[in-house]
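Asks: Produce the entire structure from the sequences given, and follow the hints as far as they go.
Here the protein sequences line up with chains A and B, keeping their order. Residues 1 to 235 (the numbering used here) make up the first sequence, in order. Residues 1001 to 1235 (the numbering used here) make up the second sequence, in order.
Please keep in mind that the hints were generated in silico from the structure rather than gathered at the bench. This list has only true hints and no planted wrong ones.
Here are the simulated BS3-like pairs of lysine-lysine, each with C-alpha atoms no more than 30 Å apart in a straight line: (1) B/LYS1226 - B/LYS1146; (2) A/LYS146 - A/LYS188; (3) B/LYS1094 - A/LYS146; (4) B/LYS1041 - B/LYS1188; (5) B/LYS1045 - B/LYS1226; (6) B/LYS1146 - A/LYS94; (7) B/LYS1094 - A/LYS94; (8) A/LYS146 - A/LYS226; (9) B/LYS1041 - B/LYS1146; (10) A/LYS146 - B/LYS1092; (11) A/LYS188 - A/LYS226; (12) B/LYS1092 - B/LYS1188; (13) B/LYS1092 - B/LYS1146; (14) B/LYS1045 - B/LYS1094; (15) B/LYS1146 - A/LYS92.
If you want the footprint, here are the derived chain B segments under chain A, 3+ residues with CB under 8 Å: (16) 1057-1070; (17) 1095-1107; (18) 1164-1172.
The C-beta atom is built at its ideal place from N, Cα and C for all residues, glycine as well.
The residues making up each chain are set out below.
Protein chains: 2
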Amino acid sequence: MFKSSQETKADPPSEAFGPNTTLRAQVQNTLRNAILNGRFKAGQKLIERELCELTGASRSILREALINLEANGLIERQSYRGFRVTQIGPRKVKEIFELRATLETLAAELFTERASDQEIQAVADVFIELEECVRDFDLERMRAVKVRYYDILFTGCRNVEIRRALENVIDRIHYLRSQLIADPDRRKTSLIEMRRLTTALVNRDQLAARAACLAHVVAARDAVLKQMADATETP
Amino acid sequence: MFKSSQETKADPPSEAFGPNTTLRAQVQNTLRNAILNGRFKAGQKLIERELCELTGASRSILREALINLEANGLIERQSYRGFRVTQIGPRKVKEIFELRATLETLAAELFTERASDQEIQAVADVFIELEECVRDFDLERMRAVKVRYYDILFTGCRNVEIRRALENVIDRIHYLRSQLIADPDRRKTSLIEMRRLTTALVNRDQLAARAACLAHVVAARDAVLKQMADATETP
DNA sequence: CGTCGCTGTTTTGTATACAATTTATTGACA
DNA sequence: TGTCAATAAATTGTATACAAAACAGCGACG
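Replies: Spelled out as structure tokens, the structure:
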């Protein structure tokens, strides 16, 4: 399936793997990325021994990583029955996006109030990059750029707790997407929505930012729900 | 300090310790309650060996429990330097309550839309209990009743994710309170605020519920901030 | 033919042992 | 006396071993 050493070096996720990195952190990132990238099917059972072989780590490490992922809702555990990848149905999607809508909207609003001019400039710049990605169909880079966009947003809103709560749900949305076939048209409309948001942020227009953000999240939710419906209809 | 067996049986936290309970879950609850009840000072280092002796569990179990608590933000970890209880300053308080305000307000709003008549009745009943507690100065019981009140609220809003995110911050608020000396007057005003909220919920009045909820959270935040200021001024 | 229960295997839960790193101690030297 | 380095102790990170529970296969029995 995949090997630990390759994986960890191939996809360093935000925090660099400096010399001070502990093995457990690496394993956790490896596992997290594996799930986020859809290497495991929804509901699939995760057998510790297999994951040990996969990652090369021992069970102690692995279990600690699993427990952390469980706390983030990415996997679920049943006593003496191990861990399974959390299954996300339409109802859960609605719940997740309801939460995301509230928090992201709040983040956008606070950003217009609290972000430094430098950060304002940064979102504008990153959005231009995003446009390039969509134009060039560079999906790999697009994902990374989007992460940076939201990173600036969350930093600029000056509230680590919002980020914490949101990253939790965004992880699961990311995982969800990995299980679905995206509608190509969605990228264009998504870009339009994000342009509106970016403009509002740059203008420090609170109400417009809220509105744009909400519209974007709702559209994203509906897109996911549609994809899910399509996926179950034609398997 | 305290013993595991006594602790776990003395304070069963929401999920009962049924026969299907694993030792780890017990230890985790023990530890969680220990922190929430303020048995450890803010910033204090948690030495695994000591916690082992305290709880009677082995390090494997303990570490797993600690990792979970870390994921919930109750404790922090530094590589090779162990865990310490998270310190919460005024800035963090503002962040936490900003998040709580948004989420709790949302929960209240959704409750007015989605709660069953039975649940509506339940909040009303529990609020009466709460009044009794305040009247009788039964602080121990009050805490439990409050938990039940919010439990109904979160259930009635039909969104597990909101509950998940909120319980996270509420835990830390709870911990914070354990470190401070509460203003006795606060209980009365708090009760008034909650009466307004309860009335709004019972009437399924969305806007009033939002307003009452927000007012309550803001007042609670200011009370905490004031207590913190008092505590630092007169040590 | 299907169901139930037994037994062996697999998997998870728990405990312990070893290695790496940090922290405290001690003593020499300026 | 104070600073620094070497060293010893304590603590965390990692790996492995044992125990308990769940699962799977098989045969007896209705």
